[in-house]
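Novice: Chain residues, written in single-letter form:
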Amino acid sequence: MKRRRLEHSSEVHLRNAPLPALEWERASVILGVAVRALLPLLLLFSIFLLLRGHHAPGGGFIGGLVAAAAVALYALAYGATAAQQLLRLSPRGLVAAGLATALASALVGPLTGAPFLTGRWMKVGRLELGTPLLFDVGVFLVVIGVTLWIVLTLAEE
Amino acid sequence: MRLLFPIAIPLTTAVLGLFAWRWRAVQRGLGVAGAAALLITSFELLKSVWQQGPQATWVGNWPPPFGITLIADLLSAIMVALAAVIGFAVALYSLAHVDPAREAFGYYPLLHILLMGVCGAFLTGDLFNLYVWFEVMLMASFVLLALGGERAQLEGAIKYVTLNLMASTLFLTAVGLLYGTVGTLNMADVALKIRPLASSGITTSIAFLLLTAFGIKAAIFPLFFWLPASYHTPPVAVSAVFAGLLTKVGVYALLRVFTLIFIEQERTIPTVVLALSALTMLTGVLGAVVQSEFRRILSFNIVSHIGYMILGLGLFTTAGLAGSIFYIIHHIIVITNLFLVSGLVHAVQGSFDLGRLGGLYRTHPGLAVLFLIPALSLSGVPPLSGFFAKLLLVRAGLHAEQWSIVAIALGVSLLTLLSMMKIWAEVFWKPKESDPLTEGSVASRVPPMAERAAMRSRLGLWSSAGLAVLTAMIGLGADFVLAFAEAAAEQLRHPDLYISTMLQRGHP
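Going down the list, the protein sequences come from chains W and S.
For the first sequence, my numbering gives the first residue as 1, with consecutive numbering after it.
For the second sequence, my numbering gives the first residue as 1001, with consecutive numbering after it.
FYI, nobody ran anything at the bench for these hints, they're computed from the structure.
Since this is a predicted model, take the numbers as computed values, not measurements.
C-beta atoms are modelled at their ideal positions from N, C-alpha and C, and glycine is treated no differently.
Hints should not be assumed to be uniformly reliable.
[What the hints assert, rightly or not] Rough simulated footprint, nothing fancy, chain S against chain W, three-plus residues with beta-carbon under 8 Å:
(1) 91-105
(2) 111-124
[What the hints assert, rightly or not] Incomplete in silico selection of chain S near chain W, CB under 10 Å:
(3) Leu1011
(4) Phe1019
(5) Gly1060
(6) Leu1282
Assemble the whole structure, with the sequences as input and the hints as a guide.
Specialist: Here is the structure:
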């Protein structure tokens, strides 16, 4: 549901697009092939960092940077347009979504009678989910959005 | 919860504005609606602080002094309410006077981020958090200043950012030293823990570092050069909100820190501030007198009047601080209004250059009145707000037997009148010269411009008129405003209430 709404606001509607052809003049084959292998790894690693961040080094900021680096690498190999299509959402949409997520997590406190930004937890089976994680997801999205906003704008020019 | 609104509402507005990036009409609506909501909630905050005393909330439910405390005493609440007034007036004015290209690039979200930064700086009770709000403000204001990318704008923006980043670095250094010395950054906690160290060298160093950092932000002598170099470059709505709010955050920080934390240096700091105040008043107004560009004259006048605002801090008496607070209330409204009027003039005649303007009294008498009210108020003509603001400071100065500063303050207000009358004579009185060189192009350009101005400027006129009415009301109801200013000054002079509010966990 949420995904559909976000896609609606994005600039590119691309469901099953084939991988774009390598821009031969711009990048090397080695980089192109390496990026295809690295992209999923980096994205997975960024999520690992995001989730790990509550008790150990990591978190939304560093995770967001790694994810943004993955997409930026893709932009280096295949061009900014292709990276934009891979992203589906506009970077601006990511920033907005991230800020909204962080704000929502911060407002859980006041809505349940505690001060702003108070951590609230709930148990789903053995899993403990809390507003700090939600806040970190927001930071994650904002960092990806802002970094790619800058990188893609510069790459287009 | 009330304390949260001045930060949460602008943030929400900005986020919604980001979502509505492509729909300009929605953004415009959001810009004004958010500012209106901020206005209402901030006056509610002011009312409840006035009735029930200072209030605090502990962000994240961390006990003080570990987490960040948001706290509103009367001074903070007054400042937030003023920021909301200016935010609302400028948002309305922007509807008519900001071009579609800037609106499409996120003008309204940025304006609200700026308001969030300003309100956050007024409400925080933590020194490092204050630094963070300064940075939020700096980033938003940098983008607003550069948005549009005109050559003059970028030049102004670079000067602005460079000097403000230096101020931030000094501030951060001071915060680091302070943390190393007392091991806490909660303002109330610092105030308590620094008392036994008051006479040590490190405390004095930190105090002067902070004085320099906030001095750059507030544009006091000799650190004001970034202000006249940058404020005349962006669109008028942007200069107006900068003129109204940004330097006052610096003044607020000075007032807060030097009445709460470094009060044991009662001899040195106020003496230095008093001298700086005199020099700021003088250099600012002398700069204003020689300028011949509308907004540059106003920019130098801001500098000059910052001198008045810190005069009360220099006297360090309750009456002096009350005068300063009254002066801030008066000046924020008046100077924003003057910038708005300069924009209205520009919309009619297409220039900010005094030499090329003229004859507006004949063609637009209403506009002339709109200029005259804030201009006379700025120079301190009764019964407008500026008269009472200056009267309070002069009286406080006489009580403290600081004759020379009183003489300077009075002389400077005459010179202010001179600089305002220069604008009056050039822009409104003098017949507009027909310039033979540009006659053809002006003739072909004027009709559409005048037509567009008539269409566009109605909202601008309304917001400027609203501020003018406010100026007159502050003048006529000076007693009422003075009661607020005096109570706020009383709280500043006796910070125990502020400290106990911050450190005692009551009911959130």
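Novice: Now tell me if each hint is right for this structure.
Specialist: Hint-by-hint comparison with the structure:
1. Remark: the segment 91-105 of chain W is confirmed as covered by chain S, as 7 of its residues place a Cβ nearer than 8 Å to a Cβ of that chain, reaching the required three.
2. Coverage of the segment 111-124 of chain W by chain S holds [criterion: at least 3 residues with CB-CB distance below 8 Å; count 6].
3. Hint status for Leu1011 of chain S: holds, given a least beta-carbon distance of 6 Å to chain W, under 10 Å.
4. A least Cβ separation of about 5 Å between Phe1019 of chain S and chain W falls short of the 10 Å threshold, and the interface hint therefore holds.
5. Checking Gly1060 of chain S against chain W: minimum C-beta separation of about 4 Å stays under 10 Å; hint holds.
6. A distance limit of 10 Å between C-beta atoms decides the matter here; for Leu1282 of chain S the minimum to chain W is near 44 Å, and the interface restraint is violated.
Hint 6 from the earlier list is the only one contradicted by this structure; the remaining hints agree with it.
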